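Respectively, the protein sequence lines represent chains A and B. Counting in the numbering used here, the first sequence tops out at residue 178, every number present. Counting in the numbering used here, the second sequence tops out at residue 1624, every number present.
No lab work stands behind these hints, which were simulated from the structure alone. A portion of the hints provided could be inaccurate.
DSBU-like cross-link-like pairs, simulated, lysine-lysine; straight-line CA separation at most 30 Å [as the list claims (entries may be wrong)]:
1. B:1388 <-> A:132
2. A:29 <-> B:1582
3. B:1133 <-> B:1323
4. B:1270 <-> B:1233
5. B:1181 <-> A:132
6. B:1039 <-> B:1203
7. B:1323 <-> B:1391
8. B:1203 <-> B:1181
9. B:1077 <-> B:1051
Covered stretches of chain B, as calculated for chain A (at least 3 residues, CB under 8 Å) [said to hold, decoys possible]:
10. 1100-1114
11. 1254-1268
Chain A side only, calculated, beta carbon under 8 Å to chain B, not exhaustive [claimed, not checked]:
12. 47
13. 92
14. 96
15. 103
No experiment lies behind these values; they were computed from the predicted model shown. We put the beta carbon where it would ideally sit given N, CA and C, even for glycine.
The primary structure of each chain is shown beneath.
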Amino acid sequence: MRRVLIGAVGYLNLRDYSIGPVLLSQLRKTRWPSGVLLDELNWGPIAIVQQFQSLPDPYDRIIILTARPCGRPAGTVTLRNWVGGLPDEANIQSRISEAVTGVISADNLLIIGEHFNIWPEEVFVVDVEPGKEEMGETFTPEVEAVTGDVLSVIRELAVNNSSVLPEFEGMTGNELLI
Amino acid sequence: MCFKNLPVEFDQQGNATLLKNIPNPYEYETVSLEGEQDKLKELLARNGFIKNVDFDPVTRVAGALAFHTVADLENRKILSTNSMATLFRGYEIILRGRDPRDAAYISSRACGVCGGVHATVSALAMEMALGIKPPPLGVLLRNLLLSIEYLYDHPLHLFLLAGPDYSEQIVTMTNPGLFEKARNTSAKHEDMHGYSTIAAIMKDLNPLSGKLYTEALHMTRVAREAYVLIGGKYPHPQSVVPGGVAATINISVMNEMYERIQQFFDYSKKVVGIWDDVFDFFLESNPDYEKCGFRPATMMDTGVWDRPDVYDGTYENMTDWGKARWATPGVLVDGELVTTDLQRLNAGYEEFVEHSFYENWNGQRFSEDPAGIPLGPNHPWNKETIPKPGKQSWRDRYSWDVSCTWDRMPMEAGAYARLYLTAKAQELPESKFIRSTGHSLQIDIPKSTLPGGTFEWHIPETWNTFERNRARAYAIPYSAMVCMENWMMAMELLRQGETKVSTPFEIPKKGTQVGVGYWGAGRGFLSHHLIIDDGVIGNYQISTPSTLNAAPRTPWGAPGPYEEAVLNTPILEDFKSPDDFKGIDILRSIRSFDPCMPCTTHIMMDGTDKMVTREVTTCACGIE
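The shape of chain A in the complex, shown without the other chains (with noise of 0.2 Å):
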């Protein structure tokens, strides 16, 4: 059986910031194949890195749900394929200190976990450009708009066999400068 794991990165009541715990909580209200697991990733990526090299049976598929500030008009969703690729030893050391002293950031979680060689063939990240960093329990009207957006490709990631998805734009470690 194919194992697929839906996982959320970002703090709570941050509006915009919190996209992925926030829609974790209605993704979970919906029925899922077997197979498809939902989690957050927040619990510390060294964490997560220890419980994935525990698992007995590996993820085939990993779709990181968060939101990422790029520099896009808020609201917009990118999807990509995680290629893997790592920054410098310094950075990824910076990365390790920030998780084990507390930082959330799905960043940190995919290059940690590509240095310890966690992730499998497929991870995918969907990430939303999110308005102003506040604090808050609502989204701004940019990102709410997007949320049943949000959610049907999160449904059609977790469902659907890679021969059905179309090609998306990689997504390397080097990109992601702290």
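Using the hints provided, position chain B relative to the given structure of chain A.
Coordinates of chain B only, in the frame set by chain A:
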């Protein structure tokens, strides 16, 4: 005599009174930093070899710390230092007006490493305020959780954050001659760690690839696994509550925990052997390393690990239950023990904001503590947090940290203070594995794969960068064996059928209740001062170890602990030109405190909607 500077005296019965005939007993003079800065400006203008050297951010520390130095690179001296906490934490404001039961869960988020101890200290403050006495098993389980938290924290610091400073990768870059010497220097404790030379240890301290680095990552996992058996999750436990813990504990859980704890027996021996060898090598290779990070052993600690038969949570009995702890609380001034009394520690503690981005507050709600000891207006129970962001200036305000003092002296905090005070005070109640001799702490570690034996940490003659980290290495067997002793006591209670783990409580809807929680984080001293007014939090003040260590100047101009330690640090690094200068001796000194600037939280910048969730760079260029 307890206080030399505060206007409080104690009679022979221990009753405290304010000194008489002093018009404004707590008044102090604020000394201007202008003259010092003018002099530095002139030196910088006249001498090309005197440079501003900024570390911004200081990496491999938790959170947002920046450090400014003026260094004389020709004479290899540091002329001036400023420690900057670059983020506002704001929990004091977040917690005001909330249900006190929220405090443990919210304050836990103050740190992504030691959230468990914040939750515990919050629970202790509530216990004092509301008169809650936890059952014995609740106290023991809390001790277990907190000793395990240290077993997570200390390896993390020693091998992931500070360790790389002593690795082949760094030493070959900053002191290549020293590494050559390390190749030919035998390791004294090969029997404990398996490395024949110092260079072999340094190689395995290399970040990412070194075996000691990756082993430490693994050991943090072992500790986390043990922690969550009671805590539910880490670093923000769900089961730490006022009155004990909210978890179901049985023999199976305890056995699973033992399976993890015992892995630290051999690991403790190995860690102690490694750091003894590495630090002895540095200090024997160049005696000037003794001066790195030097400051007098002036420090304080809360003590940790309560005795279930003594702890009752009250302020009235705080002196007794404090002294009964497995780690003795107290204050050291220049290596001399001043007090082990938690009430006196509490009464002497103050915070000042003259060089911080806060406004001074008016008024003094409490003129004395519940035991009648006079308190000043700068005591945390009297403090108000009023943020006042502004221009950064070495002459005026430059940090979001505050100046913390005990008896008006800057105090250092750390896991090492726990060892130092316990070793010095000789007040440690009888323990199966730990003994205090007045000059050392002896720790019996059982046989595992490696032979068992007694490991002894000696109070060092000089307090410096290396001794801080050495003591932290010994804090691992110390924590492991206190953990073991508490595990045995908890098992005995379970055998006797004493399974109650918490005491229920209610929060009065009317009136004022006051409490304080004192317990060390992995990095040392931590306090939460709580005032409940009519059922909600009226005031909440958190003082973390890095609040003490990263403190800016006092109003009267004394440097904070990081500032003082770096000021005393000679530059021993090899460099050909200022561009090659890495500042390794400075960084080692700062990191030896295990800085933890709790900032991985959601912070609002005044006057904007901007939120900050991770480390920021605060450009120090052009600051005067």
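Claimed coverage, the stretch 1100-1114 of chain B by chain A - three or more beta carbons nearer than 8 Å:
Satisfied; 3 residues make the cut.
Holds or violated: are the alpha carbons of residue 1388 (chain B) and residue 132 (chain A) at most 30 Å from each other?
holds (23 Å)
Given the hint that residue 1323 (chain B) pairs with residue 1391 (chain B), test it: the Cα-Cα distance must not exceed 30 Å.
Distance of about 44 Å is beyond 30 Å: violated.
Chain B contact restraint on residue 47 (chain A) - CB to CB distance below 8 Å:
Given a least distance of 6 Å, the restraint on residue 47 (chain A) holds.
Assess, step by step, whether the Cα of residue 1181 (chain B) is no farther than 30 Å from the Cα of residue 132 (chain A), and give holds or violated.
violated (54 Å)
Can you confirm whether the C-alpha distance between residue 1039 (chain B) and residue 1203 (chain B) stays at or below 30 Å?
violated (44 Å)
Distance restraint between residue 1203 (chain B) and residue 1181 (chain B), which requires alpha-carbon spacing of 30 Å or less:
Given pair residue 1203 (chain B), residue 1181 (chain B) holds - Cα atoms ~14 Å apart, limit 30 Å.
Are residue 1270 (chain B) and residue 1233 (chain B) close enough, with their CA atoms no more than 30 Å apart?
Given pair residue 1270 (chain B), residue 1233 (chain B) holds - Cα atoms ~28 Å apart, limit 30 Å.
So if I understand the rule, the pair passes when the alpha-carbon distance is 30 Å or less; does residue 29 (chain A) with residue 1582 (chain B) pass?
Answer violated: residue 29 (chain A) to residue 1582 (chain B) is near 53 Å, above 30 Å.
A closest beta-carbon separation below 8 Å is what the hint needs, so does residue 103 (chain A) meet it against chain B?
holds (5 Å)
Has the given pair, residue 1133 (chain B) with residue 1323 (chain B), been kept, meaning a C-alpha gap of at most 30 Å?
Holds, because 18 Å separates the two Cα atoms, which is no more than 30 Å.
Hinted contact residue 92 (chain A) with chain B - closest CB pair below 8 Å:
Since chain B brings a Cβ to about 6 Å from residue 92 (chain A), closer than 8 Å, the hint holds.
Consistency with the previously given hints fails for numbers 2, 5, 6, 7, 11, ordered from lowest to highest.
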